[in-house]
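*Asks:* Assemble the complex: chain W is given as a structure, and chain F must be docked to it using the hints.
Chain by chain, the residues:
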Amino acid sequence: MLKKEYTGLANINGPLIVIENVDDVAYDEMVEITAPDGEVRKGRVLQVSSNKAVVQVFEGSTGLNINESRVKFLKEPMKVALSKDILGRVFNGVGEAADDGGQIYSENKYDINSKPMNPYSRQYPRNYIQTGVSAVDGLMTLIRGQKLPIFSGNGLPHNQLAAQITRQAKLGKDDEKFAVVFVAMGIKHDESRYFIKSFEESGVLQNVVMYVNLADDPSVERIIAPRVALTAAEYLAFEENMHILVVMTDMTSYSEALRELSSRRGEVPGRKGYPGYLYSDLASLYERAGMIKGREGSITQIPILTMPNDDITHPIPDLTGYITEGQIVLKRDLFQRDVYPPINILPSLSRLMKDGVGAEYTREDHSDISSQLYAAYSHVNEVKSLASVIGEDELSKIDQKYLEFGEKFENKFLKQDKFNSRDIEETLSLAWDLISELPEHELDRLSEKMIDKYYRRKDENGET
Amino acid sequence: MEKQGKITFINGPVVEAENMTGYIMRELVYVGKLKLVGEIIELDGNSATIQVYEETSGMKPGEPVFSTGHPLSVQLGPGIIGNIFDGIQRPLPFLEEKDGPFIQRGTRVSALDPEKEWELKILIEEGDYLKSGQIVAEFDETSVIIHKIMVPPGKEGEVIERVPDGRYSIDHVIAKIKDKEENITEIKLYQEWPIRKPRPYLDRLELGVPLLTGQRVLDTFFPIAKGGTAAIPGGFGAGKTMTQHQLAKWSDADIIIYIGCGERGNEMTDVLEEFPELEDPETGKSMMERTVLIANTSNMPVSAREASIYTGITLGEYYRDMGYHVAIMADSTSRWAEALREISGRLEEMPAEEGFPAYLPTRLAEFYERAGYVKTLGEENEGSISLIGAVSPPGADFSEPVTQNTKRFVRCFWALDKSLAASRHFPAVSWLDSYSEYLNDLEPWYKDNVNEEWFELRSRAMSLLKEESRLQDIVQLVGEDVLPDNQRLILEVAKLIKIGFLQQNAFDDIDRYSDINKQYWLLKIILYLYDQAQPLVKKSVPISQLKNDELFNKLLRLKNTVANDEIDKIKEFRQEIDDFYQQLADSYQK
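Chains as they are written, first to last, in this note's numbering: chain W, 10 to 473; chain F, 416 to 1005.
Just chain W, with the same shape it has in the complex (with noise of 0.2 Å):
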């Protein structure tokens, strides 16, 4: 099909553009834009009437100009080729190569948006991935193609943390394919430098494809970025079969962008100035993980966001927390006190947990003893607030043992080596160990039979 240039542009107004006269546009199809340099830069169309378009420009659009810039209407979305050469590949943004293996060619072209899954096509995700890291693994269990991110603050260790669960996660058994997406969308240079030296150390940089828009690259890029690396991983989980863990960092810096993107384009802004469909816009990527009835593979997402000003309740972790299935929180104190990972559990959660443990799948117990130690250390910061007004030493005997426990729960269950991988029966049994710290009449989360079967009960000595 014949594709009509068009010469001049009516406005420029950041990275939008204003093309007037034209015709025979379609809304959401990509553009090429030629600048009064001869660089080709791309674009999408926004909004669109009878003879007007609005563009956006993913580069930018700094060096064009109202009357040399050139633009060509390409008449489709915008569409990635992909291959199973994407692996051990790193891309820019907008899925062009950017190290030097060469653009990636294929017959496969897939719409960057897809489309949403059917609800009635999910498979319920069920199988449970041991991570290693006691406090998730005990806690907030992460099931193969559920959404959990981390809640973190700047300053905190969420990379390492990310990183961490990326090297010892096993998403399935040895003989399933195993790879990671890993998008980062306007993080520091040396953050994305500290996560391919991470996948290099643990042995999976070949099967890992990044897709990487740093601080310093155009904002509108990572718009398209995630979206780009879901498509891959929709690509390698549903027709290469593969279990896909997709880590996307930093999710704050993506929602800027896109109000930068709503306030440029005049919208009205909802909270915080981000546009009213910030939700909408967050939950088009957040549910793309997922499993589908009669395929094996699967995507587990790893979103991390930081907090601005470690405020939970700020928009952009706030609209995430409604979308995802659950969330891994940390906590400055927590840090302070070296303990790593710093994982606040009371406000974390699993949504999928209650499905993907218990003896099936983990243990009988471990559904109730992480109950149990959920409602002890809430307890324990009950009692470290009065402690704080009238002394530790004023404190019932009872209450005196909480603050040990908690003591303990911090230094031994959630404190663990970057390098230490622990299992699900170490993970259950240190579990054990902390909470037989507490007479057994306080735990009114564990039936008798768990308390019979685990409960370490002391003898005069105080042996157990």
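If you are wondering where the hints come from, they were derived from the structure by calculation, not from laboratory data. Any given hint might turn out to be false.
[Said to hold, decoys possible] A partial selection of chain W residues facing chain F, derived with a Cβ cut-off under 10 Å:
no.	residue
1	Asp108
2	Tyr133
3	Ala292
4	Lys302
5	Tyr383
Here the structure is a predicted model, which is why all the values come from computation and not from measurement. Just so it is clear, CB atoms sit at the ideal spot from N, CA and C, and this is done for glycine as well.
*Replies:* The following block gives chain F in isolation, referenced to the frame of chain W:
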């Protein structure tokens, strides 16, 4: 010639078209070459604004808009129960069959299976004069639901033709009626009804029967009436969806309509996998035999999300008209409100609070007012619609517009508390922030059907909980040891109520559903213990003696050791309490 408009502008789900004279407001239209489903939301001279229920990517100005002449409607007939639809009533199993696991655009399928035949029993004779809503035929739709074919609202007349009993598919004309103006109406197995128009009824009745949910904190402390409305607000992780699922499973309604509005895909899958396995405590049949699911997950088109709750409630009204008690769970109404906001933003309307359109309260009121306990047209049966909407306030801040406006139109408020959820106290319904305005309406029912002293018991328990929260404030400052023993006893008893009564484990086979009688006795036994222990405090028996670990633990475990039909075991427990405190009293007498 058929009317045909022309697209002039596209911005996501909002499309403008010209040459639209003669189209009607809220008309269902097919947009573009792909014939995507859309609805007219604004008419201005020759042009119209259309909200499109499918993704508009690839659409061009100049493409046509086709008229249908009628508003966005649903098909009401057999095959609804047990099915799962999207927001505009497209059956998802059919979509999967046609398009595979991802939802494609422009796929048009009949909401109800046109091929399937139903075994009909015709209930009318030629010459009968039928009123609107009168039942023409009936048959088993599922093993628990008898479907009744009714004369559509607004139609009536004398039967001039009828078919004999037999097997018919939905398109078959089973009777013809002729009204006084000689207009003939054909009655088929289905009728169509616009989703935004409430279906008529004869009369609204007073509410006086509870919708029992098997959830102790709700039935006992904050009951909802059949035909009533409730809101469940809570931040993420507080257990909104879990609570909604529990209600869908255990409510004593005849039919459950569960609307997943802008929520997670896996949650719907969970329901789909779990419900067929669950047994209804009343009928012993699978839960799916009485459940309808509407799934418009967060990544599905936002305008269909807006329509989904109307679709759900219209299906509910249809079954209400047959004389059923329907309970509708909408999870979450905040996502619906956000869909309104998103579309309003694209229309560049002047925003009110937090970007929501100024008509948000009006829309909420229209929605919740479709609940009610009614006398139906025709047969004058009683039927009801109870509405339970989840609300997802940003940052769990209840002062935001959706929560505040919802509060104005619902009479039950089941506030979920994040700190309860964090300590894994489920259901995390806060007993201090929640309320039910139905208490007085329902008092007679509880007195007649459970026990005379029901309300007294409830009030006593409630005031103990209130007192405990006051005492906790003091404890936070000075510690528990300095309280006098009678107050420490209150703390212990409140703990019994919280753990032994309010907390309920959704995954425990016995605990997940408490019938109303068991609820009464569980609460009774806790207060009984209080009554026995209190006199001993006066006799200076120390609290450490009164709080016997074995006795207390046993009491706490009654909820998951005693099944609904073994209430005697709870009654017998009184003896154990008596014995223990008698012994204690004796030993202190000496």
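*Asks:* Looking back at the numbered hints, which does the structure fail to meet, lowest number first?
*Replies:* 1
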